[in-house]
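Participant: Single-letter residue listing:
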Amino acid sequence: MPVERQLPAEDLLLEVRDLHVHFPLDEGTVKAVAGVDFDVYRNRTLCVVGESGCGKSVSAQSILQLVDRPGRIVQGQIRFHRHDADGSVTVTDLAALRSSSRALRAIRGRHIGMVFQEPNTSLSPIHTVGNQISEVIQLHLGEDEEAARRRGIEMLERVGIARPAQNYDAYTFELSGGMRQRVMIAMALVCSPALLIADEPTTALDVTTQAQIMSLLQELQADFGMGVMLITHDLGVVAEMADDVVVMYLGQVAEYGDVDRIFHAPAHPYTKALLRSIPNLDFDQDIRLDSIRGMVPDPFHRPVGCPFGPRCDEVIEGRCEAENPPAFSLEEGGSVRCLHYEEVTLS
Amino acid sequence: MSEANGTLLSVRNLSMFYPVRGGFLQGHRGEVRAVDDVSFDIQAGETLGLVGESGCGKTTTGRCILRVVAPTAGELWYHPREGESVDLARLDTGGLLPWRQEIRMIFQDPFASLNPRLPVLEIVGECLKVNRGLRGSALEERVAELLGLVGLRPEYMRRYPHAFSGGERQRIGIARALALNPRLVVADEAVSALDVSVRSQTLNLLQDLQNEMQLTYLFISHDLSVIRYVCNRVAVMYVGKLVELADTRSLFLTPQHPYTEALLSSVPKPDPRVRSQRIVLEGDVPDPSQPPSGCHFHPRCRYAVDRCAEETPPLRETADGHHVACHLADEIELVGIHG
Ligand SMILES: Nc1ncnc2c1ncn2[C@@H]1O[C@H](COP(=O)(O)OP(=O)(O)OP(=O)(O)O)[C@@H](O)[C@H]1O
Ligand SMILES: Nc1ncnc2c1ncn2[C@@H]1O[C@H](COP(=O)(O)OP(=O)(O)O)[C@@H](O)[C@H]1O
Ligand code: SF4
Ligand code: SF4
Ligand SMILES: [Mg+2]
Ligand SMILES: [Mg+2]
Numbered sequence: 001m002p003v004e005r006q007l008p009a010e011d012l013l014l015e016v017r018d019l020h021v022h023f024p025l026d027e028g029t030v031k032a033v034a035g036v037d038f039d040v041y042r043n044r045t046l047c048v049v050g051e052s053g054c055g056k057s058v059s060a061q062s063i064l065q066l067v068d069r070p071g072r073i074v075q076g077q078i079r080f081h082r083h084d085a086d087g088s089v090t091v092t093d094l095a096a097l098r099s100s101s102r103a104l105r106a107i108r109g110r111h112i113g114m115v116f117q118e119p120n121t122s123l124s125p126i127h128t129v130g131n132q133i134s135e136v137i138q139l140h141l142g143e144d145e146e147a148a149r150r151r152g153i154e155m156l157e158r159v160g161i162a163r164p165a166q167n168y169d170a171y172t173f174e175l176s177g178g179m180r181q182r183v184m185i186a187m188a189l190v191c192s193p194a195l196l197i198a199d200e201p202t203t204a205l206d207v208t209t210q211a212q213i214m215s216l217l218q219e220l221q222a223d224f225g226m227g228v229m230l231i232t233h234d235l236g237v238v239a240e241m242a243d244d245v246v247v248m249y250l251g252q253v254a255e256y257g258d259v260d261r262i263f264h265a266p267a268h269p270y271t272k273a274l275l276r277s278i279p280n281l282d283f284d285q286d287i288r289l290d291s292i293r294g295m296v297p298d299p300f301h302r303p304v305g306c307p308f309g310p311r312c313d314e315v316i317e318g319r320c321e322a323e324n325p326p327a328f329s330l331e332e333g334g335s336v337r338c339l340h341y342e343e344v345t346l347s
Numbered sequence: 001m002s003e004a005n006g007t008l009l010s011v012r013n014l015s016m017f018y019p020v021r022g023g024f025l026q027g028h029r030g031e032v033r034a035v036d037d038v039s040f041d042i043q044a045g046e047t048l049g050l051v052g053e054s055g056c057g058k059t060t061t062g063r064c065i066l067r068v069v070a071p072t073a074g075e076l077w078y079h080p081r082e083g084e085s086v087d088l089a090r091l092d093t094g095g096l097l098p099w100r101q102e103i104r105m106i107f108q109d110p111f112a113s114l115n116p117r118l119p120v121l122e123i124v125g126e127c128l129k130v131n132r133g134l135r136g137s138a139l140e141e142r143v144a145e146l147l148g149l150v151g152l153r154p155e156y157m158r159r160y161p162h163a164f165s166g167g168e169r170q171r172i173g174i175a176r177a178l179a180l181n182p183r184l185v186v187a188d189e190a191v192s193a194l195d196v197s198v199r200s201q202t203l204n205l206l207q208d209l210q211n212e213m214q215l216t217y218l219f220i221s222h223d224l225s226v227i228r229y230v231c232n233r234v235a236v237m238y239v240g241k242l243v244e245l246a247d248t249r250s251l252f253l254t255p256q257h258p259y260t261e262a263l264l265s266s267v268p269k270p271d272p273r274v275r276s277q278r279i280v281l282e283g284d285v286p287d288p289s290q291p292p293s294g295c296h297f298h299p300r301c302r303y304a305v306d307r308c309a310e311e312t313p314p315l316r317e318t319a320d321g322h323h324v325a326c327h328l329a330d331e332i333e334l335v336g337i338h339g
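First to last, the protein sequences are chains A and B.
So the first sequence is numbered by this note's numbering: it starts at 1 and just counts up by one.
So the second sequence is numbered by this note's numbering: it starts at 1 and just counts up by one.
It should be emphasised that the hints constitute simulated quantities derived from the structure, not laboratory data.
Treat the hints loosely; a few may be bogus.
What follows is a list of derived Cβ distance ranges for each label pair [said to hold, decoys possible]:
(1) L97/B x P125/A: 42 to 50 angstroms
(2) S99/A x R273/B: 36 to 44 angstroms
(3) P310/A x R12/B: 50 to 58 angstroms
(4) D93/A x G148/B: 52 to 60 angstroms
(5) R105/A x P299/B: 40 to 48 angstroms
(6) S192/B x A103/A: 55 to 63 angstroms
(7) P116/B x F173/A: 27 to 35 angstroms
(8) R90/B x F283/A: 34 to 42 angstroms
(9) R158/B x T92/A: 51 to 59 angstroms
(10) R135/B x S176/A: 34 to 42 angstroms
(11) G30/B x D93/A: 55 to 63 angstroms
(12) S293/B x S101/A: 15 to 23 angstroms
(13) E332/A x S39/B: 52 to 60 angstroms
(14) D260/A x S293/B: 41 to 49 angstroms
Fair warning: this is a prediction, and the values are worked out from it, not measured in the lab.
Note that CB positions come from ideal geometry on N, CA and C, so glycine has one too.
With the hints as constraints, model all of the structure from the sequences given.
Facilitator: Written out as structure tokens, the structure is:
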């Protein structure tokens with residue numbers, strides 16, 4: 001995908017190109033990710049937004065080859081740019097590595113940290129917070145237990161855990177939801193990775209706790225300069241956190257661009273409809289919410305032609321039913337998969 | 001939404017304490033004050049919102065009103081008709097029977113609240129069989145009518161819940177709640193599990209049904225942007241207590257409780273040009289079995305004075321219809337959504 005955004009090439013961390021991930025099931029094949037492209041840069045936050053089941057989590061899990069069986073990357077590249085202290089850059093295609101390979105295990109948790117959608121399932125209830133953090137540190141940084149403990153407690157303090165030394169020895173079930181999410185973030189960041197992938201890190205939390213976690217992520221990014229890929233279905237969180245936005249629909253990127261353009265000059269009919277359907281705190285909106293008609297088709301019955309066609313208000317008769325639009329570049333930056341933008345394509 | 005015309009339910013000094021057991025002797029160790037001395041009215045035809053953080057007692061309040069549980073203390077005066085009143089808190093199972101048809105619930109989780117082994121006809125029709133003695137084609141006709149009301153095809157009545165999407169399941173739950181022509185519907189996080197597009201469809205549906213069937217809603221949600229859309233008035237809870245109650249506009253534009261102010265400021269605004277000046281509340285919601293002394297909010301309140309740790313502020317009316325429980329309500333200037 002041509003991305004004419006003039007973002008500094010030396011800050012490029014991750015290039016995902018034409019990614020396809022399939023789940024072969026008895027009822028048929030679920031094409032969870034069907035040709036996805038995006039980039040992540042140092043010091044920038046990319047938000048991936050879309051409705052349930054559109055492939056956000058599977059895209060993120062693919063980067064570290066953590067997709068559940070029988071899911072499999074069937075096509076595409078995931079080029080990770082490792083920046084070393086001496087200024088050299090090594091590019092590795094993560095999609096070409098085996099999930100259990102040493103090369104990939106050396107990257108997971110060390111260069112790319114991940115915070116998952118379900119903190120309860122990704123933290124162990126039978127090990128203390130400290131056990132789990134020091135395991136990561138010892139594995140990747142080769143520090144002894146004492147040094148790991150010091151580093152771990154420091155990190156807990158950094159993510160705003162009260163009484164860090166005491167909580168280092170606590171079990172995760174003794175912590176509140178917000179504290180557990182902070183522990184997850186501490187574990188993901190303790191080796192100072194270049195890239196943090198966070199899948200709905202605040203969805204299960206109250207708005208007040210969500211505000212704490214969002215502020216924390218912003219602070220940590222300012223300190224460490226990491227690139228962040230943040231997955232969410234909440235457009236408020238996107239507006240608050242993103243530099244760049246990927247809007248997904250049915251396993252594809254419907255629209256990509258910088259956050260201001262996405263909210264103030266959305267191009268794709270789906271992006272426009274999504275923005276119209278969010279309730280807002282203001283009182284100057286009509287009391288009736290706009291909604292997108294119909295619903296997301298089930299994954300076994302993908303529409304022919306444009307995937308958004310059956311729900312779209314701007315259908316071009318005779319074309320949208322037949323063609324799945326490719327990504328067209330927009331003059332103002334970013335790209336959109338909609339036939340209305342065919343003419344404006346820069347080639 | 002329709003105009004208010006009289007009080008349908010008066011909740012008076014409602015409390016619900018759950019015992020906390022623990023230790024190897026399983027002795028009584030205290031209690032969770034899930035709802036602690038809460039009073040409010042619900043007007044016929046209105047939508048009253050109940051907001052607050054997880055664990056503050058919203059669901060428990062709803063469960064008391066539905067009399068799924070017997071409250072520890074307090075009264076629940078239901079006014080079915082002009083001049084008639086009944087205290088639901090004092091009735092036993094038999095006495096509650098007639099009122100159970102008038103007060104119904106829509107649940108949070110559209111996946112867990114429908115029995116997967118029953119077809120939609122049984123799920124929606126169950127209460128019609130029990131309470132109205134409907135059978136055969138009469139039952140099917142009424143279920144078909146209800147499905148039509150919530151925008152589902154009548155043919156779907158033979159299908160099982162797994163064949164529906166989240167939004168459709170929530171509609172089945174709504175159809176079930178409406179089967180007996182209720183007057184008061186308690187909707188507990190009814191749209192929280194739904195995606196934006198399906199959520200807005202469901203909210204519009206709830207509003208249409210309210211107009212058609214003259215329904216009154218107690219709308220429980222932790223999502224302030226949804227509350228702002230559907231509610232006429234809003235009650236804010238914090239650790240088992242009501243801290244503010246006002247019509248939606250004044251609550252959002254001129255909040256008077258510091259907790260409401262913080263809640264409003266922490267909702268992310270869907271516009272990157274107004275990245276908010278969030279008030280980040282420090283710390284966690286207190287444990288309701290050991291609430292802080294005085295005003296429960298004082299350890300997290302940025303306006304707190306010495307008195308706040310000692311005296312519990314009562315809920316009092318500070319302006320027309322605006323109730324607030326804060327010692328400093330008359331002295332501090334708080335910021336609403338236009339801050
Ligand atoms: N383990 C699996 N087996 C089969 N299909 C799967 C599996 N995991 C995901 N899928 C399918 O892949 C598609 C994308 O799922 P994914 O979890 O990425 O969605 P999402 O965008 O993260 O949704 P949500 O907002 O609900 O988290 C869906 O159709 C889903 O049903
Ligand atoms: N059956 C129960 N037994 C013991 N404690 C309970 C029970 N139900 C709720 N609670 C407690 O009461 C408090 C209020 O809970 P709830 O009303 O469910 O909150 P909300 O709906 O506002 O999230 C919480 O601390 C919760 O753990
Ligand atoms: S290609 Fe056609 S159907 Fe698809 S989004 Fe554009 S106008 Fe709508
Ligand atoms: S009573 Fe005191 S602590 Fe409580 S909200 Fe008011 S100012 Fe804050
Ligand atoms: Mg997901
Ligand atoms: Mg609840």
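Participant: Hint by hint, note whether the structure agrees.
Facilitator: These are the hints, each one checked on the structure:
no. : hint                                : verdict
1   : L97/B x P125/A: 42 to 50 angstroms  : 44 angstroms, holds
2   : S99/A x R273/B: 36 to 44 angstroms  : 42 angstroms, holds
3   : P310/A x R12/B: 50 to 58 angstroms  : 52 angstroms, holds
4   : D93/A x G148/B: 52 to 60 angstroms  : 54 angstroms, holds
5   : R105/A x P299/B: 40 to 48 angstroms : 44 angstroms, holds
6   : S192/B x A103/A: 55 to 63 angstroms : 42 angstroms, violated
7   : P116/B x F173/A: 27 to 35 angstroms : 29 angstroms, holds
8   : R90/B x F283/A: 34 to 42 angstroms  : 41 angstroms, holds
9   : R158/B x T92/A: 51 to 59 angstroms  : 54 angstroms, holds
10  : R135/B x S176/A: 34 to 42 angstroms : 51 angstroms, violated
11  : G30/B x D93/A: 55 to 63 angstroms   : 58 angstroms, holds
12  : S293/B x S101/A: 15 to 23 angstroms : 57 angstroms, violated
13  : E332/A x S39/B: 52 to 60 angstroms  : 55 angstroms, holds
14  : D260/A x S293/B: 41 to 49 angstroms : 47 angstroms, holds
In this structure, the earlier hints numbered 6, 10 and 12 are contradicted, and the remaining ones agree with it.
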